[in-house]
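Participant: Each chain is listed here by its residues.
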Amino acid sequence: MSEHEGRTIKRPQTRKIAGVDVLFDGEGFFINPLQWTEEIFEVLAHEAGMEEISDQQRMAVHFIRKFYGEQGKSPLNHHLKVGTHMSMAELEALFPGGIKYGLRRLAGLPDPKGCRKVIGWNVKND
Amino acid sequence: MKKVTMKLNGIPNKFIVDEKLVLIDLLRKNLSLTGTKQSCDRKGQCGACTVIVNGEAVRSCLKKVVDLEGADVITIEGLGTPNNPHLIQEAFVLAGAIQCGYCTPGMIMAAKGLLDKNKDPSVDAIKKALRRNLCRCTGYTSIIEAIQLAGRFLRGETTPDQMRPSAAAGQIGVSHPRPWSMMKACGVVKYGDDIIIPGVLEAAVVRSPHFNARIKSIDYSEAEQMPGVVGVMTAADIQGTNSVAVVVPDEPILCAEFAAVLGSPVAAVVALTREEARAAAAAVKVEYEVLPRVATAAEALAEGAPKVNPDPDFPNIVYNAVLYKGDAEKALSSSAHVVEEKFSTQLVHQACLEPEVAVAYMDGEGEDAQLVVIGRSVAVHLHASIISVATGWDNVRYIEAFAGGQFGIKTDVTSEGIAAAAALHFKRPVRYTPSLEESMLMTTKRHPYSMDVRLGADATGKITGYGIGFIAEKGAHASVGFVIMDRSMDMLSGAYNLPNIKAEGKLVYTNDAWGGSARGAGPPQTNFALESAVDMMAAKINMDPLEFRMKNSLHPGETTCTGQAVDEWAYLGCLEAMKPLYAKACKEAKDKTNEAIRRGVGLAGASFGIGTAGDISYVSVELDPDDGLTVYGSVADPGEGNDAMLTQIAAHCMGIPREKVRLSTRDSELVPDAGFSASSRQTYMSGGALVYAVEALKDAMKEVGAKTHADLVKAGKPTRYMGRNQLNDVTGVDRETGQGKAWGSYVHGAQLAEVEVDTKTGEVKILKMTTVVDPGRIINPQAVIGQVEGGADMGAGYALREQFVLGKSKDWVTYKFPTIAMSFPKETVLLETPRDKGPLGATGIGEFTLVATHPAIANAVYNAIGVRICDLPITPERVLSALGKK
Numbered sequence: 001m002s003e004h005e006g007r008t009i010k011r012p013q014t015r016k017i018a019g020v021d022v023l024f025d026g027e028g029f030f031i032n033p034l035q036w037t038e039e040i041f042e043v044l045a046h047e048a049g050m051e052e053i054s055d056q057q058r059m060a061v062h063f064i065r066k067f068y069g070e071q072g073k074s075p076l077n078h079h080l081k082v083g084t085h086m087s088m089a090e091l092e093a094l095f096p097g098g099i100k101y102g103l104r105r106l107a108g109l110p111d112p113k114g115c116r117k118v119i120g121w122n123v124k125n126d
Numbered sequence: 001m002k003k004v005t006m007k008l009n010g011i012p013n014k015f016i017v018d019e020k021l022v023l024i025d026l027l028r029k030n031l032s033l034t035g036t037k038q039s040c041d042r043k044g045q046c047g048a049c050t051v052i053v054n055g056e057a058v059r060s061c062l063k064k065v066v067d068l069e070g071a072d073v074i075t076i077e078g079l080g081t082p083n084n085p086h087l088i089q090e091a092f093v094l095a096g097a098i099q100c101g102y103c104t105p106g107m108i109m110a111a112k113g114l115l116d117k118n119k120d121p122s123v124d125a126i127k128k129a130l131r132r133n134l135c136r137c138t139g140y141t142s143i144i145e146a147i148q149l150a151g152r153f154l155r156g157e158t159t160p161d162q163m164r165p166s167a168a169a170g171q172i173g174v175s176h177p178r179p180w181s182m183m184k185a186c187g188v189v190k191y192g193d194d195i196i197i198p199g200v201l202e203a204a205v206v207r208s209p210h211f212n213a214r215i216k217s218i219d220y221s222e223a224e225q226m227p228g229v230v231g232v233m234t235a236a237d238i239q240g241t242n243s244v245a246v247v248v249p250d251e252p253i254l255c256a257e258f259a260a261v262l263g264s265p266v267a268a269v270v271a272l273t274r275e276e277a278r279a280a281a282a283a284v285k286v287e288y289e290v291l292p293r294v295a296t297a298a299e300a301l302a303e304g305a306p307k308v309n310p311d312p313d314f315p316n317i318v319y320n321a322v323l324y325k326g327d328a329e330k331a332l333s334s335s336a337h338v339v340e341e342k343f344s345t346q347l348v349h350q351a352c353l354e355p356e357v358a359v360a361y362m363d364g365e366g367e368d369a370q371l372v373v374i375g376r377s378v379a380v381h382l383h384a385s386i387i388s389v390a391t392g393w394d395n396v397r398y399i400e401a402f403a404g405g406q407f408g409i410k411t412d413v414t415s416e417g418i419a420a421a422a423a424l425h426f427k428r429p430v431r432y433t434p435s436l437e438e439s440m441l442m443t444t445k446r447h448p449y450s451m452d453v454r455l456g457a458d459a460t461g462k463i464t465g466y467g468i469g470f471i472a473e474k475g476a477h478a479s480v481g482f483v484i485m486d487r488s489m490d491m492l493s494g495a496y497n498l499p500n501i502k503a504e505g506k507l508v509y510t511n512d513a514w515g516g517s518a519r520g521a522g523p524p525q526t527n528f529a530l531e532s533a534v535d536m537m538a539a540k541i542n543m544d545p546l547e548f549r550m551k552n553s554l555h556p557g558e559t560t561c562t563g564q565a566v567d568e569w570a571y572l573g574c575l576e577a578m579k580p581l582y583a584k585a586c587k588e589a590k591d592k593t594n595e596a597i598r599r600g601v602g603l604a605g606a607s608f609g610i611g612t613a614g615d616i617s618y619v620s621v622e623l624d625p626d627d628g629l630t631v632y633g634s635v636a637d638p639g640e641g642n643d644a645m646l647t648q649i650a651a652h653c654m655g656i657p658r659e660k661v662r663l664s665t666r667d668s669e670l671v672p673d674a675g676f677s678a679s680s681r682q683t684y685m686s687g688g689a690l691v692y693a694v695e696a697l698k699d700a701m702k703e704v705g706a707k708t709h710a711d712l713v714k715a716g717k718p719t720r721y722m723g724r725n726q727l728n729d730v731t732g733v734d735r736e737t738g739q740g741k742a743w744g745s746y747v748h749g750a751q752l753a754e755v756e757v758d759t760k761t762g763e764v765k766i767l768k769m770t771t772v773v774d775p776g777r778i779i780n781p782q783a784v785i786g787q788v789e790g791g792a793d794m795g796a797g798y799a800l801r802e803q804f805v806l807g808k809s810k811d812w813v814t815y816k817f818p819t820i821a822m823s824f825p826k827e828t829v830l831l832e833t834p835r836d837k838g839p840l841g842a843t844g845i846g847e848f849t850l851v852a853t854h855p856a857i858a859n860a861v862y863n864a865i866g867v868r869i870c871d872l873p874i875t876p877e878r879v880l881s882a883l884g885k886k
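Which chain is which? The protein sequence lines are F and X, in order.
So for the first sequence, this note's numbering puts the first residue at 1; every next one is plus one.
So for the second sequence, this note's numbering puts the first residue at 1; every next one is plus one.
Derived from the structure by calculation, the hints contain no laboratory data.
Quantities reported herein were computed from a predicted structural model and do not represent experimental measurements.
Nothing false has been slipped in among the hints.
In silico lysine-lysine, BS3-like type, Cα no more than 30 Å apart, as pairs: (1) F:Lys16 - X:Lys741; (2) X:Lys427 - F:Lys81; (3) X:Lys698 - F:Lys66; (4) F:Lys66 - X:Lys837; (5) X:Lys741 - F:Lys100.
With these hints in hand, go ahead and build the complete structure from the sequences.
Facilitator: Pasting the structure below:
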């Protein structure tokens, strides 16, 4: 590898969780949000270091799933604040990985960067 | 100041004007007559500002108002309205001569100038009259046909009503006029610079004059004191990440430390007027440390080369793409025949006529205020999200304005970043309308590729193996370059069965204009190499190029380059349909060629993938109180015809007239996320989501026996239903091998170029372009033909003349924008093999032409002169050089 090389890719992967073959993109976001179940959420939350899921965490996850399902779009921060009655800082602290890698990922929403979501690849550093 | 009396659109007026004021500014700025457009920085190059003065078509950007004393001026607004259009406006709509609509008012006024004198003009007369009017989307052929049709209307030979499809014709497969075309023909739709916002400030941007530099200091003390200046904004004033990049954070709204490419934005000045902002921007003093420029991929790859991106996470090779199928080395080494060649394609600009305009304002007060951005997005949700993170403001709403061209350029955020950050910083409405030269500097381009190709065939002419190594020059920012590389790979085999492939590509940063999404996005470059090599192999084994293509077409059950087994492959049918047309063209070329003017015929094919892994579109429908239907979804339509697609599918599925279908597609607050209007995906993805949404509504109505909105409400049922279309069976590609299921569907086609080459001048003239295309079930044939034939003009520019040279390409003349003088006749044959999973059997069409046109032309030039030119564009200099080598 020359001095200018330096990039590889993370691949999408399928994992069997709670009896379902769940397809994730390279960053661990659901490719198909309909595969999400409460049981899969609990497994992923445990993996993320959440020993117990609090009512607030569950409420936030349910809010954004409901928003996504009804509106056909991911909530922006403004919608999150209004819908959860929490500040962005509170939401960020509520999940390991914060809002994007915690809340949104555990709730089964696709990566908000739609381009990456669509093509199923991600770039990481060596 | 001077007083000028003139008649404007039939009404006598007196104006007191500055002696320097030009007519376009009087119309647009003083009178808000925004139907008259401007593209070329008032250089008289584009014709978008054409109006009628004393019966003559005149470019209003060149006409001083003080010279118009006593004149009779007619603008597009004076010609007709959507309810009472002029016959020329009717003709443009009915002929399908309107796509984005930005050039349309100027085209129509130029046509009026001609038709007022000559109601039966020849094609040459039309070309002469419109020689200064540029069009990028529609292609010139349909505009010529529109003017001929207008002539027939004016001569009383037919009427618009006779030309309109009847209501009994149904909705699908019928060329109904596109819903927004008449408004575009009348100049009443609002592009970014047309939107009136009281008190809006104007922004101008200070840009780096160096190809690569470090910003040492910015002194705007003098600029701040200049007339009209409200303030100056630098990167330090932006509260968010300051990154508007789609993928990796290497593209700031305003540069903080490094300016990695000529034209990098360094500071923004906001003032009461655009002129004041630009004057103050020129007074901002920036001290730079000029850094070495890495101009080419070869320089970037050299040992010890400076890093283009100073971030240690981003080496000069920003991405590697590979694809391995079978054993290409073994296949090539044991092949009876092998051809080898190097090909290159150039950096080109998508060349939208409209400048990159955006306007932004704060709606409300304090922390609850909403930052509203109106701009040229083709993905309002994604772009609202990017702007929110970049500016650090949580509540962002994006409203898509009408846009003057797209071609991939609007996948990235550009002017919106400046307008949004400035509106937020100054808490005032801000518009940013860059010049054409700036628009060229701030937007993505089509990546240049250099490709080493080997193609093998056995003794019978069956392809055995294919090898390609390529380098794509990224330029200074990543944009979606990774996607472009992957798309090159995922469509590498084009229309053919290539059993063994070895492909390796590198995406390399340089301090140059940066590539991004550009119509076709990857395959146009690699298909040029493949289709050229296919022709070379046919010649080598002395087989007819059409026969060779038929012999090597993929078939259902066989696999593409990614190992994806296909269940349909309509390419062979396209070649069958092409056979008689090809034979006729070959005979004509043979009969008419001579030593001075050599005639040639060239073929190229394309099978273009649509619908990628995980792609999702959401579209919802609402039954309205009058039993009409409103369709909601972020299905941007910068000209392709998504307005017609949604309207005709909705009317067909609901069984209602098109007039009762309403579209809500522009506002991120109102619409679900239908994804990008790019990658030819909207018909396939969002057309499909729309079908599902209507099915959900109809199921709900059936459940309660409702026939009307009133019935549904009475039964307590919702009136709005969501349709969701996701390609769950497209599982994606393993990027370590390039193998996997890449696409949901394909559009197939073949193109036939007929050219003549002047052996004395090296000029290539395209005599005709014939296309046979199979996009599945066709919803609106005229819209499909519009994409194919408009794309052929763009592809011809790519093949023969266009090249973006950073620092030198500054306007449409220096860019060599194709004009009507270079336009050529076209014939399009439509085939319809229904696609199982497409909406009503349809798939997409928008990019197909840009994959096949330029190799078809290159192959025709080879056929004419017997020497292959492997580097685009095929300029007269290259032709003469090739003839010298013969």
